[in-house]
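Asker: So the chains spell out like this:
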Amino acid sequence: MKGSNIGEFEELVLLAVGLLGGDAYGLAVVSELRTQTNRNITLSAVHKVLLRLEEKGLLKSNVGGGTKKRGGRRKRIYELTGAGKDVLIQTKELRNRMWKGIPKLVWE
Amino acid sequence: MSTNRDIVPPNWISSFFTWYCKPELSEIIGGDLLEQYREHCEKYGKKKADALYFWNVLLFLQPFAIRNGKKSKSKSIAIDMYKNYLMIGFRTLIRHKGISFIKIFGLAVGMVCTILIMLYVEHQLSYDKQQTKRDKIVRLESSWVVQPPYLRKTAAAVPGVEEAVRFFFWYEPTLKYEERVFTVNDFALVDSTVFKVFDFDFIAGSPESAFSAPNSVVLTASVAKKLFPNENPIGKEVQMGRYNNFLITGVIADVQKFHMNINAFASIQDFVRVSDSPDFVTSRNNNFSIYLLLSDHVNRKQLISDINERAIEVDEYGGDPLILRDFNDIYFANHLTHENNTKHGNVNMLISSAVVGFFILLIACINFINLTIAKTQMRSKEIGIRKVSGAREHSLRMQFFIETFLVVFIAFVGAILISFLVLPAFNQLVGESLQILPVSTSLILILVGVLIATVFISGIYPAIVLAKSKALNSLKGNAGKANSDTVLSKALISLQYATSIFLIIATITVVRQLHFMQSKDLGIDHTNTLTFTLKGERFMGAGEKVVANKRDFKNQLINNARINGVTFLNQLPGKITNTYGSGLTSESDTIPFKIINADPDFIEIMDIEIIEGRNLDSELITDMGTKVILNEEAVRQLGLEKPVGEVIYSGGRRMEIIGVVKDFHYNSVQTRIEAMAIQWNSWTGRACVKLPTDNLKESLIAIERIYQEYCPGVGFESKFLEQSFAKHYEEEQRLEQMVSYFVAIAITLSCMGLFALTAFVAERKTKEIGIRRALGATNRGIIVLLSNNFNKWIVIANVIAWPAAYFLLTNWLYSFEYRIDLDLTTFVLSGIVAFVIAFSIVLFHGIKFSRINPTISLRHE
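Going down the list, the protein sequences come from chains C and B. Following the numbering used here, the numbering of the first sequence begins with 3 at its first residue and continues without gaps. Following the numbering used here, the numbering of the second sequence begins with 5 at its first residue and continues without gaps.
One should not assume that every hint holds.
Here are the simulated SDA-like cross-link-like pairs (lysine to any residue), alpha carbons at most 20 Å apart as the crow flies [unchecked claim]:
no.	chain 1	residue 1	chain 2	residue 2
1	C	K71	B	I70
2	B	K26	C	S63
3	B	K47	C	S63
4	C	K50	B	I70
5	C	K50	B	L62
6	B	K723	B	T187
7	C	K70	B	V12
8	C	K71	B	V491
9	C	K71	B	P14
10	B	K137	B	E212
11	B	K731	B	E436
12	B	K47	C	K58
13	B	K731	B	K796
14	B	K391	B	I414
15	C	K58	B	E28
16	B	K796	B	V491
17	B	K26	C	N42
18	B	K47	C	S33
19	C	K70	B	K50
20	B	K87	B	V491
21	B	K723	B	T581
22	C	K50	B	S30
23	B	K852	B	K731
24	C	K70	B	T770
25	C	K70	B	P14
26	B	K347	B	V491
27	C	K58	B	L29
28	B	K796	B	F839
29	B	K731	B	T581
For the record, the hints were derived by calculation from the structure and aren't laboratory data. This structure is a prediction, so every number in the text was calculated from the model and none was measured.
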C-alpha cells in the first residue's frame, strides 16, 4: 500500500506535526525540527514533504487565520490522519522489534 | 512587534516568487517566507535577511512549487501571449524590410565592433598575466631601465630578494646546425635561474634541467622548427655566433603576451666563459634588465633603500637612485628611457578604443530607438486595439521588449558570424593573434555583456514610451507624436553625430601624426641602404686576420660600380641598443650612452651632419678605439661648453672627443634621442651598403656574388634599412586604418539612421506638405520645414564632440616623444563634414517630397 513506507525525513515531519498539536504549519515545523535535530532544515524541503504526506493521506490540513506577521496571509495547519498515526506506530514498532533483536554482544 | 509591518523583503524577490509559484501554494508559502524573513531580520539584520529570503525563494524553485502549463490556466495564456508577441514581432520585421534591415544590420555591425574591440582590450590586459609570480617580481631601475650587470649580485645579497635575474639581448647572433644558419632576433642571455622567476611553457626539456649543464640553449618552438625542421632538437649541438659546442636543452612555446620579445635563451655565465670576456659582467656595460623575485610580505621601501646603500658601498655605484618597478606595471608603463627589447601597451589607447567601440554600439542602439519610436505611428492602431481589449501597460511594455529582444538576438547571431569572418582581417589590423575558439570565459562574459547591454539600451526607452500612449490617441493614430519624443530623437541623433565628429577628428589627427613622423627629418639618410650580417667564419671576431678580411671585403664592394658606399658597424640604425655608462671621469661614468661601433665611413654614408670638430679618419689608425664622436644630447648631458678635445670615459675606456654630430634619430621617431657616441673599432659584424637608386636588382646580385665569394655556403640574408624603420610606424599605421574603419562604420550607421528617420518625418508630414504646396509654398520653404532646426542639433553635436576629442587625443599624443599639436582646423573641418552629410540627407528628402504633386499627397491615408 502506498504510504506504508516512509523516509526518515518524512517520519521526522510527521512526528513534528504530532508534537506541535494544533499549531503545525510550515514554519512551525521548520523551527521545531531545527531545535530537535540541530540540522539546517529549509522551508522548501518541509513544504515539499508536507504536500507529499498530505497526498499520501497521512496528513490532513485546514487553512487557518492570517496574522500581521505574515502580512495577512493565511496559514495551512496540518494534523495527523488515522493513517498517519498508524504509520508512525508501525515504524516505531518495527524499530523496537529490530532493536530487541540485536544481540547483546554487539554492544560490548 | 509593531515595527514588523514596516519591514518588507525586496519587492522584486517577492514578485519573482509569486510569478513562478503555483497560485494555490503562493499564499501559504509566501506567508511562511515572510514570517521567517521577519524572524531573520531580528536575528541577523535586514541585509542578511534579504539574502536569506532570496535564497529561500530560490530553494522553492522545484517542480512541486512551480506553476505548470497544464494545471494553471493563467500561465498558458501568458505563453500564448508571448507566442503572439513573437509572431507579431516577426511579421513587423518582415513587413518593413528596409527598416528591419537598418535595425538588424546596424546592431550587428555595432556588436561586431564592440566584440572585437573588447577581445583586443582583453588580450592587451592579459599581457604578463600568465606569470604566476607576477606579484612578487620587480624590475630594478633608476632613471633609466637598463643597468650595469654587477647590480644583480648586490641586489641578490639583500635579504628579501629570493632570486635576481638579468636579461641581456645579444645582437642578432647566428645559430648554426649542420648546413643551416640563421640569425636569431631577440636572443636573451640570462642568468641560469631565469626559470625560477619566470614561467615559460616547456614543450621539451624542463625548467629545472634547462640550465643545469654548461653550454645550454633554450629555443622557442618557431626557431627550433626553423633550425630542425624534421628532427628532435633536444641534445643537438649547435654553433652559436662563433662559439661551438652548445647543446639544445629545451624548447618552449613561442613567447606570447610577455613584455619582452624573446626567441632564445642562453646563459650569461656560459657566454662570459666561451667568449673569454670577464669584463662583460663587471664593466659599466649598462645593458642588463634586472628582475628580482621578492619574498612574500617584504617591505619594499626598506628593501630598495637597502639595495641602494649596498650598491654604493660595495660597487661604488654612482648613478641615479635605484627604484623598484612592479612587474605588473611594466607593460603599460610610459616614457621609459634606455629600455631594450620591450613591448608596451598604451592604456590611453585601450580606454579610447573601448569607448569608441561602445559608442559605435550606441549609435546602432540609437538608430533602433529612433526608428522604433518613429514607426509607432504605424502601429498605434495595434496598440489601441490591444489596450481596448484589456492589455495593461506592463504587458505592452513586455511586448515591445520582446520585439526588441527578437531583433537584438537576430543581430547578435549575425554579429557572432560576422566576427568569425572578419577576425583574421581584424588580427592583421591590430597585429595580434586573437582567437574566438576555443571559447574562453572572458569571451562569454564579453558576449553576454554585449547582448544584455544592447537589449537594455535599445529596449527600455521605446517600451516605456509606447506602452504609455493613451488608448484613444492610439486609435486615432497619434501615438508617439508627443513633442518630447522628437526632442529626444534629435538629441540622440546629435549624440550619433557627436560620435562621428569625434571619430573624424581622431582620424585626421592620427593621419597627421603619422605623416609628421614619416616626414620628420631624421637627421640620417636611410634610403637605398641595404643591410646584412657578416656571417661567415672569416668575419667572426675582431682579430687581425678578421680585420684584414673585412678591409679586403669592403674594398671589393666599393670597387663595384653598383655600390656607392659601404660602412661596417655593430648595430643597425633603428635598433641601437648598446648602452654603456659614461662620464667625464672614470669614477663618474654613470650616464647611460648609446654606443655605436662603426668605421669612419658611417657618418658620411648615412649623411649625418657634423656640427663641430671632425669625423673619424680611416687614414689615422690612432683614431681607432681612442677617439669618439658625440651627439648634441650627449654634450648637453655632460655639460661641456667646448667638447672637442675633452676626454670621456665610457664603459671603462678613455676616449677623446673629436667631433659632435647633430642629434639624429638613430632609433624610431617615437623614442627620445638620448646621449649617443660613435666610436671606431673592429667589432663590427654588420654592413650598410648604399646603392644607386636605379637598377636595385643588379646591385643586389653584385653584392650577393661578392659575399658568396667570401663566405661560400653561408646564406645571404639582406634587408633594406628603410624596411626596419618602417616597422616603427607599423602600429600607427594600423591605428590609422582601424580608426578610419570605425569612422566609416560610425558615419554609415549614423547616416542610415538619419536617413530613415527623416523619411518618417517627411511621410508623417505628407499631408501638411501637400496643403502647403497647394497654398503656394516654395520648395525652399518645404526643405526648411523638414530640416526643422537640424543645424542646432549638429552644433550641439560639435559641442559634445570637441572637448571629448581634445581630451582623448591630447592623451594619445602624449605617448609620443615628438608630436604634433592639435589644431582648430581639424575640429572645424570635422564639424563641417558632419553638417554637410546630415544636411544633404535632409535635403534629399526635402526635394523628394516637395516634388510630389499636392493632389497625390493630399490623398495620402
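Asker: If a hint holds in the structure, say so; if it does not, say that too.
Answerer: Hints and how they fare:
no., hint, in the structure
1, C:K71 x B:I70, "25 Å, violated"
2, B:K26 x C:S63, "18 Å, holds"
3, B:K47 x C:S63, "30 Å, violated"
4, C:K50 x B:I70, "12 Å, holds"
5, C:K50 x B:L62, "14 Å, holds"
6, B:K723 x B:T187, "12 Å, holds"
7, C:K70 x B:V12, "12 Å, holds"
8, C:K71 x B:V491, "49 Å, violated"
9, C:K71 x B:P14, "16 Å, holds"
10, B:K137 x B:E212, "16 Å, holds"
11, B:K731 x B:E436, "15 Å, holds"
12, B:K47 x C:K58, "36 Å, violated"
13, B:K731 x B:K796, "45 Å, violated"
14, B:K391 x B:I414, "28 Å, violated"
15, C:K58 x B:E28, "19 Å, holds"
16, B:K796 x B:V491, "12 Å, holds"
17, B:K26 x C:N42, "25 Å, violated"
18, B:K47 x C:S33, "14 Å, holds"
19, C:K70 x B:K50, "18 Å, holds"
20, B:K87 x B:V491, "34 Å, violated"
21, B:K723 x B:T581, "19 Å, holds"
22, C:K50 x B:S30, "13 Å, holds"
23, B:K852 x B:K731, "51 Å, violated"
24, C:K70 x B:T770, "62 Å, violated"
25, C:K70 x B:P14, "18 Å, holds"
26, B:K347 x B:V491, "48 Å, violated"
27, C:K58 x B:L29, "18 Å, holds"
28, B:K796 x B:F839, "10 Å, holds"
29, B:K731 x B:T581, "16 Å, holds"
The structure fails hints 1, 3, 8, 12, 13, 14, 17, 20, 23, 24, 26 (numbered hints given earlier, in ascending order).
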